[in-house]
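Just so you know, the protein sequences line up as chains R and U, in that order. Position 58, counted from 1, in the first sequence is what the numbering used here calls 58; the numbers after and before it change by one each time, with no gaps. Position 82, counted from 1, in the second sequence is what the numbering used here calls 82; the numbers after and before it change by one each time, with no gaps.
Quick caveat, the hints were computed from the structure, so don't treat them as lab data. Glycine is no exception: its CB is placed at the ideal position from the N, C-alpha and C atoms. Mixed in with the good hints, there may be bad ones.
Among chain U residues calculated to face chain R with C-beta under 8 angstroms, some are [claimed, not checked]: (1) Tyr62; (2) Leu66; (3) Ile98; (4) Pro118; (5) Met122; (6) Ser149; (7) Lys150; (8) Leu209.
Estimated spans, in silico, between C-beta atoms of each pair [claimed, not checked]: (9) R/His647 / U/Tyr61: 51 to 57 angstroms; (10) U/Gln8 / R/Gly648: 14 to 20 angstroms; (11) U/Asn11 / R/Arg649: 45 to 51 angstroms.
Residues of chain U placed beyond 10 angstroms of chain R at every Cβ, according to the derived structure [claimed, not checked]: (12) Met95; (13) Thr147; (14) Leu186.
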Amino acid sequence: MLELLPLDWAWAIVLYWLILAGTGLLMQSRPRLITGLVFPLGAVGALAISAVGLMGLIQPASHFILPIGLPDLPFHLRLDALSAFFLVLLGGAAFGVTIYAVGYLRGMERGSLALLAMWYHLFLAGMTMVLLADDAYAFMVAWEVMALSSYFLVTTDHDVPEIRRAGFLYLLIAHVGAVSLLLCFGVLQGGAVANASAYTFDYMRNAEMTPFWASAAFLLALFGFGAKAGLVPLHVWLPEAHPAAPSPVSALMSGVMLKTAIYGLLRVTFDLLNAQQGWWGTLALALGLITALYGVIFAAVQSDMKRLLAWSSIENIGIIIAGFGLALIFYADGKGALAALAMTALLYHSLNHAFFKGLLFVGTGTVLHATGARNLGRLGGLIRYLPWTAWLTLIGALSIAGLPPLNGFVSDWLLLQAFLLTPGLSQPYLNMVIPVAAATVALASALAAYVMVKFYGVIFLGQPREPGLVHARATKWPERFGMIWLASGCVLLGVFPTQVIGWISPAVLLLTGQSMVNDGNWLTLAPVDADRASYAPLVFLAVVLVVLLLTFIIVRKIYHGRVRRADPWDCGYPEQTARMQDSAEGFGQPVRQIFESFMRVERETPDPFDRKPQYRGDSRDRLWLLLYAPIARLTDWISDQAGRVQHGRIQWYLIYSFATLIFLLVFVTR
Amino acid sequence: MSLTYHLQIVNLLAALLLLISFAMLSQRRIVGLVTLFAWQGAALATSTAIVAWSTGQHHLYYSAALTLVLKVIAMPWFFYRLIKKLDVDRDVETMINIPTTMLIGIALVIFAFNLALPISQMAGTVMRSTLGIAMATVLLAFLMMITRSKAIPQVIGFLAMENGLFFAATSATYGMPLVVEMGVALDVLVGVFVLSIFFFQIRETFDSLDLKHMEKLKER
């Protein structure tokens, strides 16, 4: 009897997805089969891969050599606890999103549906291979498969010029990042040219490196993975690419693909490099905090719902990277238990973000399908017409806002606990600065809650801002089921943190050499010391439910119990129209006022005599102007100069080769 | 004794080759250019045959025959017909005036001789002193391609360059292996056919064979 390890299952599923990708392309003339069969089968694969991940978390690491690739350079695969954790994340989020896609993609134009089916499954396979790769070669191949397939997914509607532009920007930054990663692996190899196995991660783990080269490798990795994750200032592609992509794709890219960058960063920093330095952590912490704050500020002023979520993804990545920096600081300082705490927080937050951001993105997809509008100014009051979507999205919004007992709270809270424990550090300077960092994280979380109030309130509450919204009709069952899956993920991850942390701990153990100390019991979560702080989500949930129930009973039965329907008091305004509501721009106004120096605001104020006045305020990223526009201008200038060589006259071209010939002849005879 | 006698003839033919190259630089009419090209081929074929006879390198006879058939008979005949058909036998205006071209040519010859000096000392052939002439022929043909603005003279310049290379190969190493030479000859033949098809296409598109019209093709 052949015993199959989790790793065997994992790459079998990769193969299965590749076959599905091919099948999807072949079924071009049968669009119903693509949505009815290919995508559900893909979702089964996703469920299976998360089961494989759960198995992999409890089993020891396994290796496998896949004899494909170049001669003498086979692909090395490995499944250890870290890969397994990210496989759970990938499978869990991808299952819900893929099921959702079954409903969402019905009625799509058939040619692009077949292509979408191919790229979608190729994308899943690529991400899984990134997690399984155990050598630089396989990793880069998988990384590029992931980048290219997601590029084609982003440009699904490629007849729109803006989408083509967004796709190009994404591809450009992805490639700049990939070059950096290639250099990083080159450095990690330590110049061992003669050694044929130097490209494997096993070799890199044991390579001796001087501190200088180790730092170079870390910085290259931070740049390369930062470009994929959306670390400021490499974030510019995110707010462009996410609105351009179809909603399930945005959900996957934001929920899962950004996490592969986190995975890579953890893999290189904690696994492949073996002498971590404290200042790396400080750098990552600073960049992460800047990213978090920058992302949330811009999220607050957006008026396009998917763009808002994209900026919010940047914020969450910032928080994750800040946690990474903190873990690195602790680890380099020899505080294993605290490093484990920060690491747990960051892994937990990655998992949470996959679920709630996936949920929110598919929620916007449903709204988009039902109303055709992405701009918040054209939505409103949808809770009456799309009740399922509204309630499920509410769970996602509450999670991302960090409200107990949902999952966002757990990871935010763990991270803040880790920050508050820093006085144990041996560097007094860091001890002084890190409370400020903790305050920044708290500020970002608070602003995130503000963003979510805006997001949810403007879309679902109040009155419809357009008359057509009344006809918005909801969702098919696959869509609902996908959203229910993601929402229950949010709830369960929030209510059972102790158990989840137990699952994560092999990955944390692998990275930091310790697992998080939970001083509480199965019911309460108490990092490090139960006397300091503890959190019992089940108790909290029970209390909330009991209080709700009691209130309901008291109001309904004991107080007077009658239901009276009447017009509400109209505050002295007998005419209440939808235009009197707070708009998305209005909601973001305070944040825009405070942080105006970060952004360039373009306003169009209406004419006083306009019968139908429209206000438009657009806040642009100033970093684009400061950093990217000069580079773009320089590139243009250089290519203009190079273009002068092209005369169109054959004689001139002949002179070029003639001069080269003469030069080479002179050069040879010297 | 006979070797030096043959060598003198080869040197004479080499000098003729160089002279024809200069003549081609100064020739204004296309028909004259083709005639000169035929004469250059004839000189080349003769010198190759003499080298073959004097050194006993039999494969050079084939090279000489190939040159004779292709470059003295077939291609000039082909070009005469082409010129008649395309009706382009007019004075060719050059990009740089002819005296200046000649002066540049002289500078190139000096450069080529300077260049060939160390190489010819290494070569072990009887006619190594002609290597400088061979190189000068290549460079002069290149110069002709640069200075002419019509398509046919450029192709002739290209073929003259090939002549120079052939001569260089003969003088430095008694020619390339026969297979290579056959291949090169075939390439030249096919090249001429393809280019003549281009001539018709260019004329159809631009109503002229003047290559300055092709400037329009560049981007922006």
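Okay, the hints, checked on the actual structure:
1. Tyr62: Not OK, violated: U/Tyr62 not within 8 angstroms of chain R, min 29 angstroms.
2. Leu66: violated, 26 angstroms
3. Ile98: At 16 angstroms from the nearest chain R Cβ, U/Ile98 fails the 8 angstroms test, so the hint is violated.
4. Pro118: Check passed: Cβ of U/Pro118 comes within 6 angstroms of chain R, closer than 8 angstroms.
5. Met122: Check failed: Cβ of U/Met122 comes no nearer than 12 angstroms to chain R, outside 8 angstroms.
6. Ser149: At 7 angstroms from the nearest chain R Cβ, U/Ser149 passes the 8 angstroms test, so the hint holds.
7. Lys150: Where the cut-off is 8 angstroms and the nearest Cβ of chain R is about 11 angstroms from U/Lys150, the hint is violated.
8. Leu209: violated, 12 angstroms
9. R/His647 / U/Tyr61: 51 to 57 angstroms: Roughly 45 angstroms apart at Cβ, these two residues miss the hinted range, so it is violated.
10. U/Gln8 / R/Gly648: 14 to 20 angstroms: Given about 49 angstroms between the Cβ atoms, the range is violated.
11. U/Asn11 / R/Arg649: 45 to 51 angstroms: The hint (45 to 51 angstroms, Cβ to Cβ) is violated, given that U/Asn11 and R/Arg649 are roughly 39 angstroms apart.
12. Met95: Given that some Cβ of chain R is not farther than 10 angstroms from that of U/Met95, nearest at about 6 angstroms, it is violated.
13. Thr147: The assertion about U/Thr147 is violated, with a minimum of 7 angstroms to chain R.
14. Leu186: holds, 23 angstroms
Hints 1, 2, 3, 5, 7, 8, 9, 10, 11, 12, 13 from the earlier list are contradicted by this structure; the remaining hints agree with it.
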